[in-house]
Structure formats: structure tokens, C-alpha cells
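Undergrad: Let chain A serve as the given structure and place chain B on it in line with the hints.
Sequence order for the protein chains is A and B. Quick note, the first sequence lines up with residues 1 to 310 if you use the UniProt record's numbering. Quick note, the second sequence lines up with residues 1 to 453 if you use the UniProt record's numbering.
Using 30 Å as the maximum straight-line C-alpha spacing, the simulated DSSO-like pairs for lysine-lysine come out as follows:
#, chain 1, residue 1, chain 2, residue 2
1, B, Lys56, B, Lys297
2, B, Lys191, B, Lys297
3, B, Lys297, B, Lys166
4, B, Lys272, B, Lys373
5, A, Lys57, B, Lys453
6, B, Lys257, B, Lys241
7, B, Lys95, A, Lys57
8, B, Lys447, A, Lys57
9, B, Lys373, B, Lys352
10, B, Lys191, B, Lys166
11, A, Lys57, B, Lys440
12, B, Lys373, B, Lys391
13, B, Lys338, B, Lys391
14, B, Lys126, B, Lys343
15, A, Lys57, B, Lys446
Calculated directly from the structure, the hints in this document are not laboratory data.
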Amino acid sequence: MAVTELDTVDAATASDPRRVRSNDVWTARWLLLPAVLFLILLTQVPFLVTVGYSTIKWNLLYPADRGFTGFRNYLSALSSGDLWPSVVATVVITALAVVLSLLLGLLFALLLDRNFRGRAVARTLMITPFLIMPAASALIWKYSMFDTNIGMLNWLSRTLHLPVVSWSTEHPLMAVVIVLTWQFTPFMMLILLAGLQGQDRGVLEAAQVDGAGSWRTFTWITLPHLRMYVEIGVLLGAVIIIQVFDPIAILTKGTGGTKTLAYLLYERAFIGLDVGQAAAYGVITVVLTIIVATVALRTLFKVFMAGGSR
Amino acid sequence: MLCSKRALTAAAGVVATALAVAACSSGNVSSGTAGNGGDGKNVTLNLATVNNGQMKDMEKLKGEYETAHPGTMINFQVMEEGDLRAAVTADVASKAGQYDIVTIGAYETPQWGANGWLVDLTEPLKSDANYDVDDLLPPVREAISNSGKQYAVPFYGESSILMYNKDILGKAGVTLSSNPTWQQVADAAKKVNTSTRAGICMRGKPGWGDLFAPLTTVVQTFGGNWYDNNWNATVDSAEWKQAVTFYKTLLDTSGEKDPVSYSFNECLTALKEGKAAMWADASVAASMLEADDSPVKGKMGYAHMPVEKTKESGWLWSWNLAIPATTKSKDAAIDFVKWATSKDYHKLVGEKLGWSLVPPGTRQSTYDLPEYKKAAAAYAQITLDAMTSVKPQQPGVNPQPWVGIQYVSIPEFQDVGNQCAQLIANYLANRGSVDDALGKCQSLAKKAGEAHK
Numbered sequence: 001m002a003v004t005e006l007d008t009v010d011a012a013t014a015s016d017p018r019r020v021r022s023n024d025v026w027t028a029r030w031l032l033l034p035a036v037l038f039l040i041l042l043t044q045v046p047f048l049v050t051v052g053y054s055t056i057k058w059n060l061l062y063p064a065d066r067g068f069t070g071f072r073n074y075l076s077a078l079s080s081g082d083l084w085p086s087v088v089a090t091v092v093i094t095a096l097a098v099v100l101s102l103l104l105g106l107l108f109a110l111l112l113d114r115n116f117r118g119r120a121v122a123r124t125l126m127i128t129p130f131l132i133m134p135a136a137s138a139l140i141w142k143y144s145m146f147d148t149n150i151g152m153l154n155w156l157s158r159t160l161h162l163p164v165v166s167w168s169t170e171h172p173l174m175a176v177v178i179v180l181t182w183q184f185t186p187f188m189m190l191i192l193l194a195g196l197q198g199q200d201r202g203v204l205e206a207a208q209v210d211g212a213g214s215w216r217t218f219t220w221i222t223l224p225h226l227r228m229y230v231e232i233g234v235l236l237g238a239v240i241i242i243q244v245f246d247p248i249a250i251l252t253k254g255t256g257g258t259k260t261l262a263y264l265l266y267e268r269a270f271i272g273l274d275v276g277q278a279a280a281y282g283v284i285t286v287v288l289t290i291i292v293a294t295v296a297l298r299t300l301f302k303v304f305m306a307g308g309s310r
Numbered sequence: 001m002l003c004s005k006r007a008l009t010a011a012a013g014v015v016a017t018a019l020a021v022a023a024c025s026s027g028n029v030s031s032g033t034a035g036n037g038g039d040g041k042n043v044t045l046n047l048a049t050v051n052n053g054q055m056k057d058m059e060k061l062k063g064e065y066e067t068a069h070p071g072t073m074i075n076f077q078v079m080e081e082g083d084l085r086a087a088v089t090a091d092v093a094s095k096a097g098q099y100d101i102v103t104i105g106a107y108e109t110p111q112w113g114a115n116g117w118l119v120d121l122t123e124p125l126k127s128d129a130n131y132d133v134d135d136l137l138p139p140v141r142e143a144i145s146n147s148g149k150q151y152a153v154p155f156y157g158e159s160s161i162l163m164y165n166k167d168i169l170g171k172a173g174v175t176l177s178s179n180p181t182w183q184q185v186a187d188a189a190k191k192v193n194t195s196t197r198a199g200i201c202m203r204g205k206p207g208w209g210d211l212f213a214p215l216t217t218v219v220q221t222f223g224g225n226w227y228d229n230n231w232n233a234t235v236d237s238a239e240w241k242q243a244v245t246f247y248k249t250l251l252d253t254s255g256e257k258d259p260v261s262y263s264f265n266e267c268l269t270a271l272k273e274g275k276a277a278m279w280a281d282a283s284v285a286a287s288m289l290e291a292d293d294s295p296v297k298g299k300m301g302y303a304h305m306p307v308e309k310t311k312e313s314g315w316l317w318s319w320n321l322a323i324p325a326t327t328k329s330k331d332a333a334i335d336f337v338k339w340a341t342s343k344d345y346h347k348l349v350g351e352k353l354g355w356s357l358v359p360p361g362t363r364q365s366t367y368d369l370p371e372y373k374k375a376a377a378a379y380a381q382i383t384l385d386a387m388t389s390v391k392p393q394q395p396g397v398n399p400q401p402w403v404g405i406q407y408v409s410i411p412e413f414q415d416v417g418n419q420c421a422q423l424i425a426n427y428l429a430n431r432g433s434v435d436d437a438l439g440k441c442q443s444l445a446k447k448a449g450e451a452h453k
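This is chain B alone, in the form it adopts within the complex:
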């Protein structure tokens, strides 16, 4: 009797332990059902994506795809950008195979493709005449390809443009051409700057994707760049100093007062509230300034990103759908990513959700749709112009050994960009000299560049 009681207790202990262990490991999403992929029956595709409006629209419309493809389920996992980057990088790099489709930026795509982590989509896209891969905007396609192989499909794309409040500039008697120079913009900003309103809003929040997105394009149009064609770091050059000093002077004389706090969202609010007159940032911002609830709707003017020594200075970014090589449902995944970036999907978004919500900046044909042209009249043309005129192969004055504009396509860049952004933020806040900041940044960049020579 005692013996069986003991056994029972022991068993209870073991069961409880097993439960505890199981509870520990249940954080992962099972993609077990995906194992049936290929025979067209009951496939579940796990899709990791970023919490942007366009991605949430895709989640709303996934039912249309599931109805047309019985047996296929799309499981969306929507995350904040930083979390997405960490989760997806860890998953794909360690070949854990949790996701069948991942949303990645233009920065990661060519690197991951070269690592062999992504399914090469060149052939499946080319062979499908209906998909019309040549309709994709050429710079976007270039940025997500590596050695002629396309590793992802662009979901939406953006460049950077100059946005200004026509009312405020008009009252001050300032006019801007559609291709202004930075000096003209700095002069205009100074004229419209008041104690309660910034002349221009620029990103200052330390981060490779925050401060350094616009700042790298400024450096490039001033003639500098992160590396020369042989991966020698060139951050301590005279052009860098000139560009960074210009950026600080611009912020000091007519920028927002607390630059370290300001990035995309903060500047958007400032523009909407009339607390800033101009703003050079992502082209996607135009659709938000022209939204129905925006106080500055219809009052905004748009121009190309200001330049100095180059003809164009806009950046290039896209969020793309890619398929990790570890997926067990390759064919189903390819079919879905083609659907989500097709011409038909753009029409579907327009008809079901509204034409101004069509994902911008990926397809030439989108800009030919009369409904879209009408809904996005204020910014469709400038977005298309900026996106088709940028050169991701050589955005600056001199040739560079990587493809990409506001970033360097090497794994170390996130880290180098982040640390340099903190150094430059200290300079912007008058806690150090420009030579000190750029000197330290040069040694960081140099160390990263050595690995690629």
C-alpha cells in the first residue's frame, strides 16, 4: 500500500516536472502542419511582419487569398520593427525554421541572399508572365538583388523627399524649386523659423535607421561616403565634416529644439501641428500629411530631396517578403508572396479598403491606375519621380562597393551606424567636437571595413 502511494507521488512529481518543462518550451510557434506542404492540402504559412499600416491591410485581406486557395492558411505574426528584426534574424540565422515567409528590409535582403538563407525567387518570378516582374521599379529590384539574383519581392517602397508648408513659406515670400539645393533649403528654413515654430524638422534620434538615414544622404550629396571602392573607411574626410557641420548648423539655426527626441513620428506630428515648416524625410509621409484627418491636407508642397554635388539625393527603402530556405512549404509560400505583391492585389486594396491605401513605390503600373492617380494626386508623381531617379549602385559622387543608399550592406553596419549616431548626437548636443566624433566613428568603420577587403 505504502509502496503504491510512493509510486503515485513520484509519478505526480514527474508529471508536474514534465508540465513545467513543456511550459518552458511552448513559446515557439509550431509549424508542424506546414510539413504537409506541396501536395496542396492544409498548408499553414507562418508570416512574420512589421506593424505598419500596409501590412495590417494585408492581414485584413488574407481571407480573399484563403478563399481562393482552399486548404491554405496564413498565420500572421505582427511585430514592432525592432522586435521583428531581432526575432527574424535569430530565427533565420540559426535555421530554426519557425517562419515560412518573413518581412525584411532592403538592408538585409542582399546579405541574407548571399548567405544562402533565402529562396532565390528570380526564376519563379520571371516564368510567370502574369506577375510581370519587369513592372517592378528598377532601383527597388536592384536593391533587393545580389549578383543578378532576386531574393525577395517588394511589398512597399519609399524614397525621401522634401515636404514644406506652402502657407508658411508663402507668407514669408519664400519659393522653392522642385530640385532645391541644401543651401537654398537652409536659407528658406532660416527665414521661416520663429521662436514657436521650427524652420525645418530633421531626424536627430541616435540610430542607424533614424539619424543616419537622412544624414548619410546628406554626406553622400556633399561628396563623402562611408567607404571608398576598396572598403577603406572614409569617415574622417573633409566632406563628412562639412556635411555633419552643415547638419548641426541647420538644426541649431532653424531646426527643432530637441533633436535627440525627434525621428519620423515626432516630425510628422510637428508638421501636422504647424510647429515646423519644412521636413526632409520618407516619401510615405506625404500620404499621411494628405490624409483626411490631417490639418495640413492640401497645404503641402513637395520637392526632390535637396542636393549639393549629386543630381539626386533621395534614399531608397523597401519592405519585402522573402522566403527562408528552411521552409517546408516553398511552393505555397512563393504563390502567396506573388499574390501579395501582384497588380491584382493593388487593385484589391483599392477596391476593398480605399485607393489611397494601395502600397506605394513598387510597381510602375500602380501609378498608371486612374483611381490611384486621383486618390494620391498630391504625392503620386513626386514619389514615382524620386523612386525611379535614385541610383542604389552609386548614390554618391564616387563609386561604392555595395548596393544601397542610406546604409552599407554589410552585417556590421547596424552596429557601426548606431554607435556613430550616438557620437554625432553628442556633437549635436554640444557635448563634443565634430573631429572627436568623426575620429572615433572612423575607427569603428575601419574595423568593420577590414573584414570585407
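Chain A on its own, in the form it takes in the complex:
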């Protein structure tokens, strides 16, 4: 691409740098103060308080028996045997839900990228699962889809003379993954659709002229182009799905390998009512998440860098 005039124009500063006096800097700082304080209040203070709580022995139901206990809460959290299965459950559920919703999202994005009558309506309808509250969608699935008496899935299998499936009892993990996939497919679809519509039509036409069929155009041009969008979708989707709570609380109550870290934390804090131990679990979760996120983000950013030169 030729270098145009626009690329070389200097960005004009609002005012001469020499005129920005310390007064103005301070004005800017004062105006930023509320936002910064708000951020610290909402994120850093609670975290420090949690770290503090994690070192004390404090069960809400034993108000008299309270005191410093050092790392004992961490020891009991790590030795209870609940943590590792929970990490596995979180990873399995997140990975399955992200991959499945990505594949389905790609399929629907490709279909919606075509021109047909009522496309706007179809697109709106496709998005709705993402707009429904997580608790509501879990309830919809529990009663209207999975139920053995009135659920649509079992109505279908009865009509086809197939055995009735007890989803929450026999396949709890799949039940949770199915609900999450249903919910996050529109999310992936929207991101991928944006990618598809950002494709250069000229390139596609050129491919057509060169005699590439639709399959080759898709695998050689569209997919590489979508790579960046897939990466964004996976990153954002994983960040949201990793904290899933509602379908587990409503469908499985943590049985059958569905006790994710978020649900485990809830159980320790609100059923065990053990503030100290719950805080220790919380800190461990944060540490694990930071480790995973650092590794994952680094890998992803590397891919982004490489993507820039593609």
C-alpha cells in the first residue's frame, strides 16, 4: 500500500507541552481521583481483606472461637481433596463449552453471512440465548428441555422410541456443558460474524476468478482471516465461562464432576459458613487463575503479534 499524506501528518497536541504546568497536572489528578479510589475500593481492598481473613480461624457459627491461625486454612484447603477435582471440573467444563460454542457459532455465523430475506429477524432470534439471564436459561433447560416428564428432549426420544435420558442424574457434566454452549454460541457467532463481514470482498472475488471453489476459499482465505476473531472469542468466552455458577446450582448441585471452583467457593462460604477457609480457597483460586491467565495470555499475545505480520 502506498504511503499517503494522511499517514505522515503529525498528531497535533491540544496545547503546547511547555504550557502544561503542574497546576493542570494536579487538576487532572484530582479529577481522576474518584475513579481511582473507586477502583481500589472495589477490587484491591476486598482482596487484601480476603487475604487477611484467610489467616484467621472464623466460622460464623462459632463467634467466640476466633483467632489467628496462620496457614492452617490453606493446609486444610489443600489437603481436603476437594481442590484438584474442582480444578479439573472447571477446566473440562470451560474447555468443552468454549470449543462447542465456537464450532456452532462459526456454523451460524457462516449461515447468517449469506443474503436472505428476514436475515435481521433471524440474527435477532439467534442472539436471544445470550441475552437471557444465566439462572433463567438454566431453569428453562431444567424444565422445558431436560425434564423426564415434560421436557422436549425426552418428548423427542419418546416419539422416536428411544430410551428416556435422565440428564441431571446420568450426564450432569454434559447437561451443564449443553446449557453453557446454548448460551454462548450467540456470543461466538456475533464475534465471528463481525469477522466475516469485515472480509475484503475483492479478495474473495479474486479467489473466485482464480477458480477456487467455496471449500478452498473457506479454508485458505476465510479461516486464516477469522483466526484473530477466534482468538478473541476464545479468550473472552473462557474468562466468562470459567466463573460459571448458575447451571451448576440449578441442575446438578455440584455432583458428577461439575463442582467448579466458583461453586466450591460458594459451598465453603455459604453452606460451610467458614469465612477463614472460604477466604483461603478464594486466594488459592486467584493465584491459580493468575498463573493460568499469564500463560494463556502470553501464548495468545504471541499469536496476536504473529497475526499482525500475516
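TA: Okay, now just chain B, sitting in the frame of chain A:
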């Protein structure tokens, strides 16, 4: 000029910050006006309660109380059961004093009373002849007392009973006595079970208040219990294995197909839709099966909870009004909770809202009211029978060191019950053996029991 501009900006920043901080902390409900309590002028009582029908009826009728007591305002905060438990426990345990009256279950009341978190109501109730505290059903009173001190007043109470569809059982030629055994019920369930209709619906949703409410009563009537009289955990006993295996066999051969999804509400729907023939659950369900919009109204038969080695196997639960010790309007709060659980309140509900809506299971005299007897003809007698015959001091075969039937009155029980319920749910779903589940549950229960020896 510049200086004043700077000061102005700084002030604006500070104000905005203050606003932001204030916004953070305004989540709490102010009970500042309650500080005036005692002199009878402008008292606001904050009441936390659970979103059950009877509680909402109380909210509808609070105007009657406020009219009769000028200057007193009742501020209702209605929550879902789980949220209520978390909010009220956190508030009362940390002595935050947000509420003047709280709604708590029979499980919490004696424990919180012993912790000194609740106002002792023994004396104020006894000294009021009009309240007639001896009219309260004895097992309910026992369950919310600790060492002879009553820490709450019961708002409504329930036991558990066996409910069955007379049409379905009649067609299959099955009859049940009013005191059946579990074996008889299992046989009957097997006979009426079809591919589209469960013979019996039982709770399977993992949770100490879901699966373990009926399952603990089954264990107790099979001769087992959570602890022996010295707080030694006894979950790995032969009786437990027998009871849990029986429960699974019952569900496998004639229960609903997806037990992990099923608790009270799901079974209620199944019974109403004719998708289940029998159901052993809370006695309060009978009033819902006999409601005007119920398809099975008038078709239901009721019996005592099935037994094996004990004479009675019903559970006992009540929702109670208690007053946190931190309240600043103690006298006004006592006056209100007495009103809401009085004989007059029951009559008021009957006259204003309908006799079938009178809170059941707390007062003997309610069951003598001719209007209530007529409106609740199908289930009033069985409820009263079940509620007066259960023994919260010793529901099982052997004596136990706590008062309560389908739960153990120790703080750890919620947690232990929940984790055990998940283990047993895995067994119900064929993901593990009964020995494995009960073995792990035993070590959880043992650890909790050590603290009480």
C-alpha cells in the same frame, strides 16, 4: 483566581469521592428509627422473612397491626430461603443489628439461642395469658427450645406424611393402611409403576434440606442415626447401608427417572400431573394438592410417614419468628411476634384471606376452629396427628444427644449433610458404591462430631 479554581476542582473531586464511597455503603438498611423504641413512638421494625405463601399473607395483613398500634411500622424484607439463611446468619452472627425480627428454621433456633444471639421469649410468653403458650403443639415447642428456654415463636409447622392418588392405587387394587411400613409402600409403588408414571416420587436433589430431609427419617426408622449418644458418628453402620440401599432400590424400581433434579416442587408437579402415584414429603403439600386449581383435588389419600422399626417416622419443621439480641426495639418486636402467632391472627387470616390459608401446624386451637376444619377437611387431621406424635427428642431407635429429627442441631450439619448428599447422589446415579459414599460421609460426620464430645 487560579488558586480558587484549583480549590474548586479539588472540592469537586472530594465531593465525588465521598458520593462514590457513600454509594458503596448504602446497601444496608438503616434501622436508625428503631432507636426510638421503647417509648411507643414511631418504631420501625425490620423483619427478614422467607418467600413462602404464609409469610406473604402476613405482609398483606401487617396493615391491621399497624392500624391497631399507631406509630409502629413493620418493614418486610422477603427473600428466597437460601438468601435469607445467608443474610440473617451473617447479620446475627456478626451482631450487625440490621433486623429486629428474623424468620429462622427449627434447625437454627436452639443453636442461636444457646449462642446468646436471640432474646429469650419464655417469660414474655408465659406471663401473657391471652397468648396461651401451652396451646402451641408440644413437639414444635420442644424443637425451638434449648434447656427449657424458648427462643422463638412458631409461625407455621409441618411434619411429613405419605400422599397417594386413590384413583391410581384403586385401579391397581392396592390398598394402604394409615400406618404403612416402607416395605408395603415399596410393594405398592412397584405395582402402580408404569413407563410413563412413577410409582413414587422421592427427593433426590443433593442438599441437607432436600435429599436428606426424607432420607434421614428413613435411616432413623431403619434403626440408624447420624450420631450415637456420645457424638460418635455412626454413618458407616449396617442400618445406614440398609436404609440407603433401600432408598436407591425404591427409586430405581419405581421412583421418578431423574432423581437428582427432584425435590419438593418437582414432585408436587409430578403428583398434580398424574406422573407419580405416591409421594412421601412435607405435610404442607397436602394443602397444595387440595387447592382449587389442583387436578388431583379430592382424589388424594393420606397416611402417616411409612415406618420400619419405629412407630412414627415423620419429620418436624417449623418457620419461626425470633428476635436478635441486638434489637433496639425489643418490646415492640415481642409484641409483634406474639400478634403474628396468636389465635386472633389465625382467625384474622381465615376471615380476611380464606380459611384454608391459616398457617398450619402450630396451635392446637386452630384445629378446633369449625371453619378451618371444614376448609381443610382432607388434611387437617392427618397433619395434626403426625405433628403431635413425632418425638424430636428421640426420633430413632436409640437416644440421641440433640433435639431434632431430620437434621442434627450442630453448626457443622449443613456442610456435612450437603457433602454427604452429594456423595449419595453419586451412588444414586451409579457413579460409586454405597460403601464408598457412606465411608467418606462417616469421616466427614466424625470430624464434625469431635467438636461436640
